[in-house]
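Turn these sequences into a full structure, and let the hints steer you where they fit.
Chains as they are written, first to last, in the working numbering: chain X, 1 to 178; chain S, 1 to 430; chain D, 1 to 203.
Careful: at least some of the hints might be erroneous.
Taking lysine-lysine and the DSSO-like style, the derived pairs with C-alpha atoms no more than 27 Å apart in a straight line are [stated by the list, open to error]:
{"hint": "1", "chain 1": "S", "residue 1": "LYS213", "chain 2": "S", "residue 2": "LYS309"}
{"hint": "2", "chain 1": "X", "residue 1": "LYS74", "chain 2": "S", "residue 2": "LYS329"}
{"hint": "3", "chain 1": "X", "residue 1": "LYS98", "chain 2": "S", "residue 2": "LYS213"}
The set of hints was computed from the structure by calculation and includes no laboratory data. Keep in mind the model is a prediction, meaning the values are calculated, not measured.
Below, each chain spelled out in residue letters.
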Amino acid sequence: MTETEESNEEVEEKTEEYSGPTSYGVPVTESHDQVVLHPAPTQLLETVTLLKEDGFCMAIDVTAVDYLTHPGRKDLPAGLNPERFEVVVSLINHDQGKRVRLRVQAGTDNPTVPSLFDLFPGTEAMEREAWDLFGVVFEGHPDHSRILLPDNWEGHPLRKDHEVGRIPVQFSPEVGRH
Amino acid sequence: MTNGKELLLGEPERVFRREESPVLRLNEEEANAAIDDTDALDDDHRMILNMGPSHPSTHGVLRLMLEMEGETILRSKPVIGYLHTGMEKTAEGLSYLQGATNVTRMDYAAPLFSELAFSLTVEKLLNIDVPPRATWIRMLMCELNRVSSHLLFQATNGMDLGAVSMMIYGWREREEVLRFFEKVTGLRMNHNYIRPGGVAADLPDGWREDVKKLLEIIPPRLEEYDILQTGQPIFRERLQGVGVMNPAEALALSATGPILRSTGYAWDLRRHMPYLAYDEVDFDVVVGTYGDCFDRFAIRLNEIRESLKIIEQILELMPEGDYRIQNKKVTPPPRARIDESMEALIHHFKIFTEGFHVPEGEVYVAVESPRGELGCYIVSDGGPNPYRMHIRGPSFVNLQTLPHLMEGGLIADGVAVISSVDPIMGEVDR
Amino acid sequence: MARIPLLGDTNNIASDGLEGLEHNFVTARIEDLVKWSRARSCWPATFGLACCAIEMMATGAAHYDLARYGMEVFRASPRQADLMIVAGRVSQKMAPILRQIYDQMMEPKWVISMGVCASSGGMFNNYAIVQGVDQIVPVDVYAPGCPPGPETLMHSILTLHDNIQSGELTRRRELNQGGAAIDLDLSPMSAETPVEIVEKTTS
Ligand code: SF4
Chain X
1 MTETEESNEE
11 VEEKTEEYSG
21 PTSYGVPVTE
31 SHDQVVLHPA
41 PTQLLETVTL
51 LKEDGFCMAI
61 DVTAVDYLTH
71 PGRKDLPAGL
81 NPERFEVVVS
91 LINHDQGKRV
101 RLRVQAGTDN
111 PTVPSLFDLF
121 PGTEAMEREA
131 WDLFGVVFEG
141 HPDHSRILLP
151 DNWEGHPLRK
161 DHEVGRIPVQ
171 FSPEVGRH
Chain S
1 MTNGKELLLG
11 EPERVFRREE
21 SPVLRLNEEE
31 ANAAIDDTDA
41 LDDDHRMILN
51 MGPSHPSTHG
61 VLRLMLEMEG
71 ETILRSKPVI
81 GYLHTGMEKT
91 AEGLSYLQGA
101 TNVTRMDYAA
111 PLFSELAFSL
121 TVEKLLNIDV
131 PPRATWIRML
141 MCELNRVSSH
151 LLFQATNGMD
161 LGAVSMMIYG
171 WREREEVLRF
181 FEKVTGLRMN
191 HNYIRPGGVA
201 ADLPDGWRED
211 VKKLLEIIPP
221 RLEEYDILQT
231 GQPIFRERLQ
241 GVGVMNPAEA
251 LALSATGPIL
261 RSTGYAWDLR
271 RHMPYLAYDE
281 VDFDVVVGTY
291 GDCFDRFAIR
301 LNEIRESLKI
311 IEQILELMPE
321 GDYRIQNKKV
331 TPPPRARIDE
341 SMEALIHHFK
351 IFTEGFHVPE
361 GEVYVAVESP
371 RGELGCYIVS
381 DGGPNPYRMH
391 IRGPSFVNLQ
401 TLPHLMEGGL
411 IADGVAVISS
421 VDPIMGEVDR
Chain D
1 MARIPLLGDT
11 NNIASDGLEG
21 LEHNFVTARI
31 EDLVKWSRAR
41 SCWPATFGLA
51 CCAIEMMATG
61 AAHYDLARYG
71 MEVFRASPRQ
81 ADLMIVAGRV
91 SQKMAPILRQ
101 IYDQMMEPKW
111 VISMGVCASS
121 GGMFNNYAIV
131 QGVDQIVPVD
141 VYAPGCPPGP
151 ETLMHSILTL
161 HDNIQSGELT
171 RRRELNQGGA
181 AIDLDLSPMS
191 AETPVEIVEK
201 TTS
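This is the structure in structure tokens:
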């Protein structure tokens, strides 16, 4: 834990002078030959705009991950502060047949990232899904509402502190069927 | 992007609108309030109409909220979630070997593709390569599945449009394919056949003859479809020029598969970002011209022909060898060894109870399902279960095109549009 | 009276005179006749939910041909149907709608729960799926399988026919006061429910 705290301070001091490899102005890593960018939430719109100008013509996927029970992940670039919620955006470049994935550290208590609607309106449903299942807020989304669960549902079921909701299977003869 | 290309793609502005968008962004309460607000109704004869979720032509449990003016659809909103199964949560409690059982129940018209996407992702995380025969078996089964899925589309599309007899013909051919599936995998649907590390079992004896028979039976029947549907003036009238979209709009809305291709934009993962061994077979990517319902119908019909062409080549190119990887880590020992050796028994037990561990990491792999790009994103924490498994369902994303396609059309055309988008609700809601 | 098709060839009743009565009549109790006609005119409502619905459609299509049992007319309106085949998993969001459709059906009505998902939640024992449709509507026949093949569905339909004809179902209903005799207290789930976060165990 001390390690994380240290890196925490580091990031706050020198977000600008991250020394590792960058691409489109944000830290970049590789995961199994796939390019992963790590913009901060504030950088997200800017980075995606740059990528779009560069030929990444379609937003394939927007989803979120809750790292509550797996905090010490190692695949982030050094100096980046891991947060509980991470928003994962996949873009594709058809001309060059390339994909890029953006992992945004969205925050721990009130995960918030800007909505990509104005760049890729196709993200509307995916962002609603991420809000519904994880409670990630997308600022500027035109219809920020639940999509899969009923409107009056409480909680966000894919969070790690939400139970699976198993109902024990009953085999007792008293609950006879007919 | 050059200017010429932009001209070809068309103007995407339509789908970027926030105000006056064809997407009816109301929730339940607001919709009810709008219905009760009779003043507004008297004004311009607008009304809000509910369609589904138990409606014969909404393909399962899709529900639509429509704002109508007379017979014309102004705005609409697909309301989904009536089949939300929590599969992504369930996946976190299943081992990687069990995971395929879970994902196969998403897109139940093309179950093998979900298994394939899941297995490829796990294999990528494990950094293993499956033997060539497994790859080719996967290709064979997936192409057959594409055929059966598109045949199902022919049947339901025909029925939605009033060509009820298509229901009988489409299912008749689909049964033939399913019979082969049952022979190979033991089940007609939800096979759990493609698993991380290979496939569950080798092809049975005589599979070549069975596939050859399929290749013989299906093409002449596709000709029948052409007579029944493609050439029919009534059928064409119902579809041509209905639900039009240009490539730029489709790209902006992240639509993939036949919807994107119908606009004339050739994009097929099998061709442009090959996986399995699709770079070794020869096939065409079918594209449309106008981006209307008829193009989407014709693309699916012709994709059956292309798939049959691929299957023909697979018959010749199918290599011999193992059908699953001989890596102790992921593959259970053969049955005979269990009787002889204690280690094999323990090993078998461990794989099926605890499962195998997958190195920490995250990866996204996509395949071209009959409905578009089907992606799987897995985060592993090094344990035997995925930390997070997410499926990017093509139907889920494609469904967003509905309001744009239906805007300004008649409600009868709305049915044709829903049918041509071909959503499978299991995959939409997951 | 001579017009009742039950009686077969009625042409020669007149010529046979009164003697024709001996071999041209079927006598039955009215209850039996009612049961018989109920069993033979079972129209299902289309209520496809998930994968099982595809198999249900396959059962109605050319190869398996449900029409052989006089059952091919899948009615889109619940008011015209007397059998609800719950084909697939029932989510929490769908449950009220399912019940509404059931309530709209005319008495007498029957329910087949098709597939393990409808019967018990199947492999999806989680927050989203109702663990057995018998918590919402009384189920008469459970068809096992995932998905049940068309043969299984047909078997369950024939079982239902038999049970209707023998009066077994109506007897059971009276016994259970019209319900499925299953009572579960499902407290609504919420985020506040305490959850233990445990390291992943292998089970
Ligand atoms: S029982 Fe199986 S086939 Fe039927 S709905 Fe459930 S998962 Fe699908």
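Here is how each hint holds up against the structure:
{"no.": "1", "hint": "S:LYS213 / S:LYS309", "in the structure": "holds, 14 Å"}
{"no.": "2", "hint": "X:LYS74 / S:LYS329", "in the structure": "holds, 23 Å"}
{"no.": "3", "hint": "X:LYS98 / S:LYS213", "in the structure": "violated, 39 Å"}
The earlier numbered hint that this structure contradicts is number 3, and it is the only one.
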